[in-house]
Each structure stands twice: as structure tokens, then as C-alpha cells.
Amino acid sequence: MAFLTTVISLSSISLLLSVLIILAEIRLNNYGDCTLDINDNDRVLTVKGGASLLATLSEQGIFIPSACGGKATCGLCKVRVIEGAGPLLPTEEPYLSEQERKEGYRLSCQVKVKQNLKLFIPEDLFNIRAYQTKITQIDQLTHDIKGLRLSLIEPESIRFKAGQYVQLYTRPYGNVKEKVFRAYSMASVPSDSKAIELIVRRVPEGICTTFVHEELKVGDTVQVSGPFGDFYLRGNANNLIFIAGGSGLAPIRSLILDIIEKDLPYQMTFFFGAVTRKDLYYLDYFEDLSNKHSRFHFVPALSSPAAEDSWSGETGLITDVVARHLDTDSDYEAYLCGSPGMINACLNVLNAKGITEDRIFYDKF
Amino acid sequence: MIMDIPAISPIMIFFASILTSNMILSNFLGMCSFISVSNEYKTASGLGKAVLVVMVLTMAINFAVYHAIILPLDLVYIQYIIFIIIIAATVQILEMAMDRFLPDLYIKLGIFLPLITVNCAILGITLFMVIRNYSFLQAILFAAGSGLGWWLAINALAAIREKMARNKLPRGLAGPGIAFIITGLMALAFVGFSGMFSVQ
Amino acid sequence: MKQTPDDKRIEINLQPGTLSADGFLGNDSRDVQSIIRADQAVVDQLGLTHELIAERLKQLTEMGKEGLGAPVHSGPLEITVEDFRGRIFCPFRDRAFFGKRVTVCKDQTSGQSIRWSDLNVHMIEKHGFYEGQGSPFRVDPILVHQICFQ
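In the order they appear, the protein sequences are chains A, B and C.
At position 170 of the first sequence the residue is numbered 170 (the working numbering), and the sequence of numbers has no breaks.
At position 81 of the second sequence the residue is numbered 446 (the working numbering), and the sequence of numbers has no breaks.
At position 28 of the third sequence the residue is numbered 593 (the working numbering), and the sequence of numbers has no breaks.
Calculated from the structure, these hints are not laboratory results.
Treat the hints with care, since some could be wrong.
[To be verified] Derived pair list, reagent style EDC-like, types lysine to aspartate or glutamate, alpha-carbon separation capped at 16 Å:
no., chain 1, residue 1, chain 2, residue 2
1, A, K177, C, D587
2, A, K353, A, E333
3, B, K407, C, D659
4, C, K623, C, E643
5, A, K177, C, E576
6, A, K161, A, E261
7, B, K407, B, D464
8, A, K114, B, D369
9, A, K48, A, D33
10, A, K118, A, D33
11, A, K114, B, D439
12, A, K177, A, D139
13, C, K671, C, D705
14, B, K533, C, D609
15, A, K278, A, D139
16, A, K278, A, E308
[To be verified] Ranges of calculated distance between the beta carbons of each label pair, as one might list FRET restraints:
no., chain 1, residue 1, chain 2, residue 2, range
17, A, I22, B, A539, 31 to 41 Å
18, A, D40, B, A539, 40 to 50 Å
19, A, E59, C, R621, 44 to 54 Å
20, C, E576, B, K528, 40 to 50 Å
The beta carbon of each residue, even a glycine, is placed where N, CA and C say it ideally should be.
Please work from the sequences and hints to get the whole structure.
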């Protein structure tokens with residue numbers, strides 16, 4: 001009898017508590033349907049509440065750029081929320097300036113959708129889609145740089161501005177248990193809309209670049225999302241200067257090919273810097289291009305060519321080479337992509353040549 | 366097992382459980398989180414507040430369950446199991462409620478709440494309540510006092526550890542070693558309160 | 566002793582495949598705290614501090630940056646600084662993150678060389694962490710002393 005009381009009372013207490021937790025879950029964790037009012041009634045979405053704003057939006061096909069995957073460490077997923085976001089959380093504080101707080105900016109990975117929200121999202125972000133793609137070509141461009149061509153499966157085509165980038169998602173491999181994504185600029189022309197090309201330089205110990213260099217094979221399917229970024233042609237001057245180092249060639253190639261294809265009336269000079277001959281690639285490609293098009297000039301430069309390179313082109317730091325080729329009185333617009341060191345050094349040279357900050361656009365690694 | 370309710374004023378119990386019979390410094394309960402989460406003053410204070418809230422809440426529920434279910438049904442021999450599952454369930458529901466209504470506090474305390482489920486001081490006060498046969502008011506003030514006392518102790522330890530973070534220590538003592546020694550010294554200092562009042 | 570959620574996350578961050586492909590611990594079976602303590606003892610013995618080492622490494626990286634990828638010479642040292650695409654967060658969850666800049670410093674007289682990233686410098690300065698034995702970016706304090714403090 002005592003045994004029975006024990007079993008019955010313990011079970012009923014456990015049962016009661018479980019029911020309480022389930023009830024609490026239903027009452028407290030279920031936020032029902034909420035409406036998201038984006039850009040002043042421009043788009044009104046009805047979504048299920050309870051998840052983070054970042055995840056909710058991406059489920060609706062709106063991709064806010066984020067690098068840390070919702071852990072409040074990158075501070076990239078800022079979105080302006082006018083109504084319904086609740087109090088500012090301590091996890092967001094370090095990433096928002098006084099000005100941004102006043103304007104209602106929040107980290108979308110930290111804001112939970114609990115009620116109807118009013119928010120503003122830049123128009124460009126609506127173009128961003130997730131794409132299923134298939135690798136159709138892999139080229140070994142240098143000892144540590146590979147070129148990829150991905151043809152799009154679903155959706156079948158992409159619209160982007162030359163110079164923008166996409167995020168490439170890895171599969172779990174080897175020690176890497178989770179899917180990660182990294183950003184790579186597109187090297188192909190926007191008119192080639194059924195495929196994209198990426199240029200990936202191997203990063204020592206990099207999770208995604210190691211994946212691209214070691215694991216990826218022709219025929220594999222990979223996921224990308226995009227396009228992102230504000231590195232694209234403004235075209236407010238007659239002379240355009242492009243400066244690239246390493247894998248920074250990618251967006252520059254896209255820009256140049258786009259301008260040539262559209263037959264825009266700009267004079268273009270492309271400076272491509274590397275240390276030795278083995279770091280240069282696409283040399284013949286661009287030389288060929290400059291022979292065919294009188295408005296395009298190609299200046300490859302090596303900072304310390306090895307003896308066996310038999311290099312007859314420009315020699316010296318890329319900054320010196322650029323300085324030698326620019327006049328002070330022409331009107332220029334400059335597009336830079338490469339390492340922070342290279343970009344900072346080039347900014348100084350360009351400023352010294354009288355090119356103002358508002359005419360210089362760059363994509364720092 | 367009929368016992369009389371002890372004839373001590375609840376207010377007395379409240380102050381005694383903060384100072385003379387401090388949960389950590391005289392009963393040495395709840396040591397694991399006390400030692401491991403006392404590196405930083407801010408987080409320690411967060412944990413302290415969470416312990417305080419959970420202590421009062423679970424004491425109220427456990428008191429009711431003890432008198433309404435355990436005693437009448439003669440279930441004293443499985444009371445530990447019942448108390449523990451009640452504490453676990455309470456913490457879980459509390460977590461959900463906070464996420465909904467107080468999101469900023471939830472983020473501040475959130476990660477500590479699951480830790481508290483297994484904090485022995487929480488179960489400890491319930492068992493003291495049973496042994497000492499407190500009345501409801503006595504039990505609640507006992508829980509509040511114990512929570513405040515725990516908060517006070519972890520704040521003090523965290524402040525001391527933060528102050529000494531840059532000091533050079535013998536290698537074997539760095540980390541938990543020195544924390545135990547500091548705790549011992551703090552306990553000795555708290556003995557000084559014992560003349561003020563005694564409830565046990 | 567129980568771990569706080571933070572410690573747990575740090576441990577995961579140090580594993581292979583979370584922040585870097587091979588992780589920060591190499592084939593070292595010791596835990597982080599033991600690695601830090603062991604290196605602390607070595608650094609003490611060399612008469613150095615984490616701050617001094619970090620300061621010197623920073624100084625060499627600054628010097629090497631001038632080359633924009635090409636080697637720069639300073640006495641017997643040949644310093645090459647290369648930038649790679651992307652950023653890496655500090656595994657110790659202090660919200661610090663760094664560009665992937667790698668400095669290779671070679672002593673041309675002895676032929677020894679050592680490499681470090683900007684993240685290494687931060688971890689040495691702020692956390693006293695030189696990475697585990699066998700980790701690809703282990704900055705061995707003895708080697709640093711031999712090469713960079715001549």
C-alpha cells in the first residue's frame with residue numbers, strides 16, 4: 001500500500017509539473033502570429049513569433065548580412081526598428097553608437113519577434129536570395145589561389161551590380177562540424193547571369209578557404225547567398241583607376257568587363273600588384289583585353305621579382321608604380337580591392353595626387 | 366513527528382541568515398557556483414540576484430507542497446526527490462516568464478538560471494525549513510535572508526578576487542586554491558557576528 | 566567544479582573547426598589553464614612578460630607591413646607580412662576581432678623562423694595564451710626569445 005502511494009503521488013507530482021511546464025510553454029513561449037511592417041507599409045509580412053528577427057526575416061527570404069551567425073559578436077546585422085522591439089539588451093550595447101540608439105537601430109540577431117514590429121530595411125537587401133549552385137569549373141590560378149565557376153540551379157539566374165559579393169556556405173568536413181559561410185566577390189560579368197565566378201585565396205587555417213581548396217570538386221553542389229555590398233561603379237569621372245592585390249582582382253575584373261561590355265566611355269587603368277611572378281594570374285587575359293580595347297590599360301607590377309622571373313614589367317611597391325602613372329590634373333575615380341596595408345598606402349598616394357576621398361571606393365579584406 | 370514551531374521572530378531569522386548563519390560562510394552550501402562564478406564582480410552579482418529570487422520562490426512553493434502533500438500523505442521519505450523536481454520545474458517556468466516579460470533581465474541572468482537548479486543552497490534552505498519546522502513567514506524571511514547572504518558573500522569574494530587578479534601568487538594557489546583560502550578567511554571574519562544573535 | 570556557460574563556449578571555440586580549421590590546442594592534451602600556466606613559467610624564466618613579448622611582436626609586424634607582402638630586412642631578421650581575406654574573433658569571448666594578418670619572421674643567421682597572426686599578439690597580451698603544442702599558430706616563447714630578442 002505504501003509502495004502504491006509513493007508511485008502514485010510521485011507520478012502525479014511529476015505529471016502535474018510537466019503539465020504546468022507545457023502550459024507555460026504554450027502561454028509564454030507562443031507569441032502567435034505577428035506582423036512585420038517593413039519600410040512604411042511597403043511590405044507587410046505575417047510571421048510566427050518567437051524566433052530572432054534575423055532568423056524570421058531570413059525565413060521570409062530577406063537576408064540581413066551577418067558574419068557570426070547570430071551570436072552578437074560581429075555587429076553587422078543592424079536593422080532600424082521603430083516599434084515593438086522591446087528594451088535594448090546588454091548584449092547589443094557594445095555595438096551601437098549613441099546616434100544609432102536614438103534612431104532605433106538594433107542587432108536583428110538579438111531582437112526577438114514577440115509582437116507586431118515596424119522596421120526599415122535598405123531596399124537592396126530585398127534582392128538577396130539563397131542560391132543552389134553546381135561547381136562547373138575549378139582553375140588553379142596560382143599556387144594558393146583558385147578560381148571557381150558555379151552555375152546556378154535554383155533560382156536559375158542572379159541580378160547583381162559588378163563589384164558586389166556573395167556568401168559561400170561550406171558543408172561540414174573533417175574537423176568542421178558546422179556549416180559556415182564566408183564572403184567572396186564575384187569576378188564574372190553581371191550579364192553572365194546564369195553563373196557566377198569566385199576567386200578564393202587560401203587562408204592559413206581558414207575554415208572556408210581550406211574547404212574550397214581541399215574538398216570542393218567539379219560537380220559538387222554548394223549554396224551561396226547574395227548579392228551584398230556597396231562596391232560598385234559610380235562613374236563620376238572620365239578616368240577610372242583600378243588597383244588590386246592578390247584575390248582582390250575578383251570585383252575589379254567584374255567592373256572592367258562590365259564597363260567594356262556596356263561600352264561606357266571611360267579611360268581605364270588597372271594596376272595589379274604582387275610580390276613575385278608566381279603570385280600573378282590572369283596576366284595574358286588582361287594583356288589581351290588591353291590590346292583589343294584602346295581605352296583599357298593594364299599595368300601589372302611586382303614589388304620584388306625573383307631572379308628567375310625574368311620580369312620586364314613595372315617593378316616596385318604598387319604605391320610607387322601608381323604614383324608614376326598618374327597626372328595631378330586629370331579627373332580620376334579610383335576603385336581599390338586588396339589588403340588593408342595596400343589600401344591604406346594607396347589612399348595616401350591618391351590623396352597626394354589630388355583625388356578626394358569621395359572619389360575613392362575600396363573593398364578591404 | 367509533531368514539532369512545535371520555534372519561537373523566534375521571523376525578523377530575527379532574516380538577519381541571522383544573512384550574517385550569523387550565512388549559507389556559504391557558515392553552512393558552506395552552494396560552493397560550486399560560488400567558487401567558479403566569482404571571477405568577475407558583475408557576473409557574480411547577477412548570479413547572486415538570481416539565487417535570491419529562486420530561493421524565495423522555491424521556498425514558497427516547497428513550503429506549500431510540504432504541508433499540503435508530503436505531510437498528509439506521509440511521503441517524507443521521498444521528499445528530496447519531490448523538492449528537487451519542483452525546483453527544476455520552477456526554474457524552467459521562471460526562465461520562460463522572464464524571457465517574455467523582462468528580456469533585458471533575462472539576458473543578464475539567463476545563463477545563470479540553469480546553473481541554479483543544481484545549486485545545493487537552494488535545496489539546503491528547503492531542508493532547513495523542514496528540520497527546523499518554520500512557519501510560513503519564518504520560512505519566507507529565512508529564504509530571503511539566505512539569498513541576500515549568499516549574494517553578499519559572492520559579491521565580497523568576487524570583489525576581492527577582482528582586486529587580486531593582477532597579483533602574483535604561488536603557482537599551486539592560483540585560481541580556485543586562493544578562492545578557498547579567501548572564503549575561509551571571510552568565514553572567520555563572519556564568526557565575529559555570532560555574538561549578535563543565534564537562532565540554531 | 567562546474568563550468569560556467571562562458572568557459573564552455575571558450576573551450577568549444579578553441580576546438581578545431583569552430584574558429585579556425587585546426588583549432589588552437591594542436592595535439593596538446595592539457596587544458597587551457599594548464600597551457601597558460603606552463604607558458605607563464607617559461608616566460609618568467611626568460612625574464613620577459615606577456616606585455617613585452619606582445620610589444621615586440623607588434624613592433625616587428627609594423628616594420629614588416631612596409632613591404633606590402635614583400636620581405637623587409639632588419640639586422641639578421643627577414644620579416645614578411647601578408648594579409649588574408651576575412652576576420653577572426655578572439656576565442657576568449659572578449660569581443661575583440663582581427664584581420665587575418667600573418668607575420669613571418671626569419672633569422673637569417675640561424676635559419677630559424679616563427680610566424681604569428683594579429684590574433685596571437687592579442688591572446689598573448691590579454692590572455693597569456695601562446696596556443697597548444699603542435700598547433701599551427703603556436704608561438705613558442707623560447708623561440709620568440711631566440712629569434713626576436715637578440
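Structure-inconsistent hints, enumerated in ascending order: The structure breaks hints 7, 8, 11, 12, 17, 18, 20; every other hint is satisfied.
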